[in-house]
Amino acid sequence: MDEKNILKHLSDSINQAPIQLLETIKDKPRVKQLRHDEITRQKNGLSSMKFMTVVASVFVLASIVNFQLQYRTVDSRVYLDVNPSLMIESNRQNKVIDITALNPEGDKIIEDYKFKGRTLNQVTIDLVDKLVLSEYISNSDDLILVSVFNDDKEKAHLQKKELKTAILKHLKPKSIQPVILTLAIDQSNNKNDMASKYKISEGKLTLIRNIMNLSPKLKADVLEKLPLDQLVGLAKYMELDLSQVIEKQDLDKIVVPDAIKDIIEEDDKGNKGNDAPDDDKKVKDDDSDDDAKDDSKEDEKEVEKEVEKEDDDQE
Amino acid sequence: MLLFTFIIEDSHSELITYKKIEIDENLFSRIGESDMTAFDELYQITERALYAYALSLSKCHDEALDLMHDTYVRVISAAHLYKPMGKPLAWLFTIAKNLYLSQIRKKGRVVHMEIGQIHNDRRFSYVTDPEDKMVLQVALNQLTREESQIVLLYAVTGMKHKDIAISLGLGLSTTLSKYHRAIKKMRIYLEEMEGV
Numbered sequence: 001m002d003e004k005n006i007l008k009h010l011s012d013s014i015n016q017a018p019i020q021l022l023e024t025i026k027d028k029p030r031v032k033q034l035r036h037d038e039i040t041r042q043k044n045g046l047s048s049m050k051f052m053t054v055v056a057s058v059f060v061l062a063s064i065v066n067f068q069l070q071y072r073t074v075d076s077r078v079y080l081d082v083n084p085s086l087m088i089e090s091n092r093q094n095k096v097i098d099i100t101a102l103n104p105e106g107d108k109i110i111e112d113y114k115f116k117g118r119t120l121n122q123v124t125i126d127l128v129d130k131l132v133l134s135e136y137i138s139n140s141d142d143l144i145l146v147s148v149f150n151d152d153k154e155k156a157h158l159q160k161k162e163l164k165t166a167i168l169k170h171l172k173p174k175s176i177q178p179v180i181l182t183l184a185i186d187q188s189n190n191k192n193d194m195a196s197k198y199k200i201s202e203g204k205l206t207l208i209r210n211i212m213n214l215s216p217k218l219k220a221d222v223l224e225k226l227p228l229d230q231l232v233g234l235a236k237y238m239e240l241d242l243s244q245v246i247e248k249q250d251l252d253k254i255v256v257p258d259a260i261k262d263i264i265e266e267d268d269k270g271n272k273g274n275d276a277p278d279d280d281k282k283v284k285d286d287d288s289d290d291d292a293k294d295d296s297k298e299d300e301k302e303v304e305k306e307v308e309k310e311d312d313d314q315e
Numbered sequence: 316m317l318l319f320t321f322i323i324e325d326s327h328s329e330l331i332t333y334k335k336i337e338i339d340e341n342l343f344s345r346i347g348e349s350d351m352t353a354f355d356e357l358y359q360i361t362e363r364a365l366y367a368y369a370l371s372l373s374k375c376h377d378e379a380l381d382l383m384h385d386t387y388v389r390v391i392s393a394a395h396l397y398k399p400m401g402k403p404l405a406w407l408f409t410i411a412k413n414l415y416l417s418q419i420r421k422k423g424r425v426v427h428m429e430i431g432q433i434h435n436d437r438r439f440s441y442v443t444d445p446e447d448k449m450v451l452q453v454a455l456n457q458l459t460r461e462e463s464q465i466v467l468l469y470a471v472t473g474m475k476h477k478d479i480a481i482s483l484g485l486g487l488s489t490t491l492s493k494y495h496r497a498i499k500k501m502r503i504y505l506e507e508m509e510g511v
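So the protein lines, in turn, are chains C and A.
Residues 1 to 315 (my numbering) make up the first sequence, in order.
Residues 316 to 511 (my numbering) make up the second sequence, in order.
What the hints contain is simulated information worked out from the structure, not anything from laboratory work.
Built from N, CA and C at the ideal position, the CB exists for glycine as well.
Keep in mind that the hints are not guaranteed to be accurate.
[What the hints assert, rightly or not] Residues of chain C placed beyond 12 Å of chain A at every Cβ, according to the derived structure: (1) 58; (2) 101; (3) 155.
[To be verified] Result set (DSS-like, lysine-lysine): computed pairs, CA atoms no more than 27 Å apart in a straight line: (4) 32(C) with 4(C); (5) 174(C) with 164(C); (6) 421(A) with 32(C); (7) 398(A) with 477(A); (8) 4(C) with 421(A); (9) 43(C) with 499(A); (10) 116(C) with 161(C); (11) 398(A) with 26(C); (12) 114(C) with 169(C); (13) 422(A) with 28(C); (14) 398(A) with 4(C); (15) 130(C) with 199(C); (16) 499(A) with 412(A); (17) 130(C) with 164(C); (18) 412(A) with 26(C); (19) 499(A) with 477(A); (20) 43(C) with 500(A); (21) 43(C) with 398(A); (22) 130(C) with 116(C); (23) 412(A) with 43(C); (24) 32(C) with 402(A); (25) 499(A) with 4(C); (26) 28(C) with 499(A).
My request is simple: use the sequences and hints to build the entire structure.
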C-alpha cells in the first residue's frame, strides 16, 4: 500500500468518527480560571529550563569575553631606554601582557624572559637586572629613560614616579644609582610611524622632539642615531632647557660625554684664527677671526656637523 | 469503449479534501468574554484535528472523545488568560496532552495491543471499511506516539509539516524524519498483515 492510500484510509477513518460534543461542552457550567494551571499553562518558545541554560551560557560566554578583553587590552605602555630599547605593555590590573624589543640589543635582553602573571613593577625590575647583568647599567653615570604612555595622564604620571622609585630602590644595594629620566608621552600615530622608521622607542623620540623644539636646527635623523647619554649630554651642553623632562637634581648629575666635549673643543680651536670653512650651512662671521664668537646658533651648526662626522666615524 | 473506462477509473486516486486550519487568536479573547459564537467557530475548525491528536494519545475512540470534551472545557475556562503566541493549535494539544498525562498518573497503566488483537478490536467499530480500520489501528498501535500524531494530523488536516512541527513542539527535521519513518513502518506492517 502506498503512502497516498495510507493517508486516504486514515483520513476516511478519522472523518467517519461520530463526534457530537459541541452542545455538551457549551451546556457545561463555565468557570473562569484565575490563572493558568499545570494543564493550561502555555509553553514559551524555549522551556524555562532551556531558557535558563541559554541565559547562563550567554552570561558565562560574556564573562569570558569580558575577562579576555580586560586582560588583553593595553592600558599602559612603558618604554625603557638605556641603549637597549624595550617596550612593556600592561593592562588595567597592571599585569604585563606583552614585552617588545625595539632594537637588536633589546632582543638579547628579553630573550627567554617569561613575564606571564607578573606586574609592571616586577617586570621593570627584572629587566633592569638583566641590563645590569649585561653591563648596560653599571655605574651612577648611566642613564635610563623611562617613558610612560597612558590615556589617563594622572596614572601615567604616577606610574613613571613609581617606576623610578622602584628602580632606584632596587639598585641601591648594588651601589648603582643611575640617572633616571622620566617622560609621560602622548599617543600619536605619526609618532608611532616615526619611531618605527628610526627603530627607536616613542619615549626616545619624544625626548628628541623636545630637544628639537628647543633647538630647531637639530635634525631628527642625526639625533636619533645618538645613544641616550650623548643625546642628553648634547642637550645639556647646548644649555637647552630640559626641565620639563628631567628634574634639576638629575640634570645636575648628567655628565656631558667626553666625545661631545672633545669634538666641540676641537672645533672651537679650529675656528680661532682660521677662515670660516666653506660650508653652505655655516653662518658667515662678519668680525675677524681673532675671537671666537659666542654665538649659540653657530655653535649649534658646528655641533651638528661634528655629530654627523662622529657618527660616520662610528659606523 | 467499455474497456477504456475500466482502465481509466481508479478509486484510489480520489483527491483528499482538507478543511484548512486557520485559527484567529482573537477567538480566545472573545471566548474569554463568553462569546460562544467564537467558541463555535473554534470548535468547527479544530474538531477533527483535536480528535486525531486525542486518538493518538488514548488509542480509543471513547477515551478520545472524553479527552476532547475536557480539553474544550478547559479552553473555555482559560481562554481569557491566553497569550497570543502564533501557535493556537499547539495550546489545544498541550491541554489535551496534560489532561491525558494527568489521567495516566491517576490510572497508572497504558495498554498496548499486539498485532494479532487488531482484528478483534471493537474500539473502532464505527469504522465500516475494513481497510480503513486496519490502517487506523496500525497507525495507533504500531507507531510511536509522535509518529502517529504526525501521520494522523497530516492525513486529516493536510497541514504542512512545518505547521505540524510547531503545533507539536517539534523541530521540522524531526517531524519530517518521523513522518517518513512512520509511513515506512506502516507499509511494512500492512504488507505483513496482507500476507497473514
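Hint-by-hint comparison with the structure:
1. Its beta-carbon lying about 21 Å from the closest one in chain A, residue 58(C) satisfies the requirement of being farther than 12 Å from that chain.
2. Distance check for residue 101(C) against chain A: the nearest CB is about 56 Å away, which clears 12 Å, and the non-interface claim stands.
3. For residue 155(C), the non-interface assignment is confirmed: its Cβ lies about 53 Å from the closest Cβ of chain A, beyond the 12 Å cut-off.
4. Straight-line distance between C-alpha atoms of residue 32(C) and residue 4(C) comes to about 44 Å, which puts the hinted pair past the 27 Å bound.
5. Proximity of residue 174(C) to residue 164(C) is assessed by CA-CA distance (about 16 Å); at most 27 Å being required, the pair is judged to hold.
6. With a C-alpha separation of about 24 Å, the suggested pair residue 421(A) and residue 32(C) falls inside the 27 Å cut-off, and the hint holds.
7. The suggested pairing of residue 398(A) with residue 477(A) holds, with an alpha-carbon distance near 21 Å, which does not exceed 27 Å.
8. Using a Cα cut-off of 27 Å, the hinted pair residue 4(C) and residue 421(A) is violated, with the two alpha carbons roughly 39 Å apart.
9. Restraint check for residue 43(C) and residue 499(A): not satisfied, since their Cα atoms lie roughly 32 Å apart, outside the 27 Å limit.
10. As the CA atoms of residue 116(C) and residue 161(C) are separated by approximately 24 Å, the hinted pair is consistent with the 27 Å bound.
11. About 23 Å separates the Cα atoms of residue 398(A) and residue 26(C), which keeps this hinted pair within 27 Å; it holds.
12. A distance of roughly 23 Å separates the Cα atoms of residue 114(C) and residue 169(C); the hinted pair therefore holds under the 27 Å criterion.
13. In summary, the hint linking residue 422(A) to residue 28(C) is supported, as the alpha carbons are separated by about 25 Å, within the 27 Å threshold.
14. As the CA atoms of residue 398(A) and residue 4(C) are separated by approximately 37 Å, the hinted pair breaks the 27 Å bound.
15. Only pairs whose Cα atoms come within 27 Å are accepted, and residue 130(C) paired with residue 199(C) is accepted, the gap being roughly 21 Å.
16. For the hint pairing residue 499(A) with residue 412(A), the CA-to-CA distance comes to about 26 Å; that is within 27 Å, so the pair holds.
17. The suggested pairing of residue 130(C) with residue 164(C) holds, with an alpha-carbon distance near 17 Å, which does not exceed 27 Å.
18. Proximity of residue 412(A) to residue 26(C) is assessed by CA-CA distance (about 22 Å); at most 27 Å being required, the pair is judged to hold.
19. Between the alpha carbons of residue 499(A) and residue 477(A) the distance comes to roughly 20 Å, so the proposed pair stays at or under 27 Å and holds.
20. Note on residue 43(C) and residue 500(A): the hinted pairing is violated, with a Cα-Cα distance of about 31 Å set against a maximum of 27 Å.
21. Under the criterion of a C-alpha separation no larger than 27 Å, the hint pairing residue 43(C) with residue 398(A) is consistent with the structure, at around 10 Å.
22. A hinted pair counts as satisfied when its Cα atoms are at most 27 Å apart, and residue 130(C) with residue 116(C) qualifies at roughly 17 Å.
23. Distance restraint check for residue 412(A) and residue 43(C): the Cα-Cα separation of roughly 13 Å lies within the 27 Å cut-off, and the hinted pair is therefore satisfied.
24. Our distance criterion of 27 Å between C-alpha atoms is met by residue 32(C) and residue 402(A), whose separation comes to about 22 Å.
25. A hinted pair counts as satisfied when its Cα atoms are at most 27 Å apart, and residue 499(A) with residue 4(C) qualifies at roughly 12 Å.
26. A threshold of 27 Å between alpha carbons decides the hint, and for residue 28(C) with residue 499(A) the separation of about 43 Å lies outside it, so the pair is violated.
Going through the hint list in order, the structure does not satisfy hints 4, 8, 9, 14, 20 and 26.
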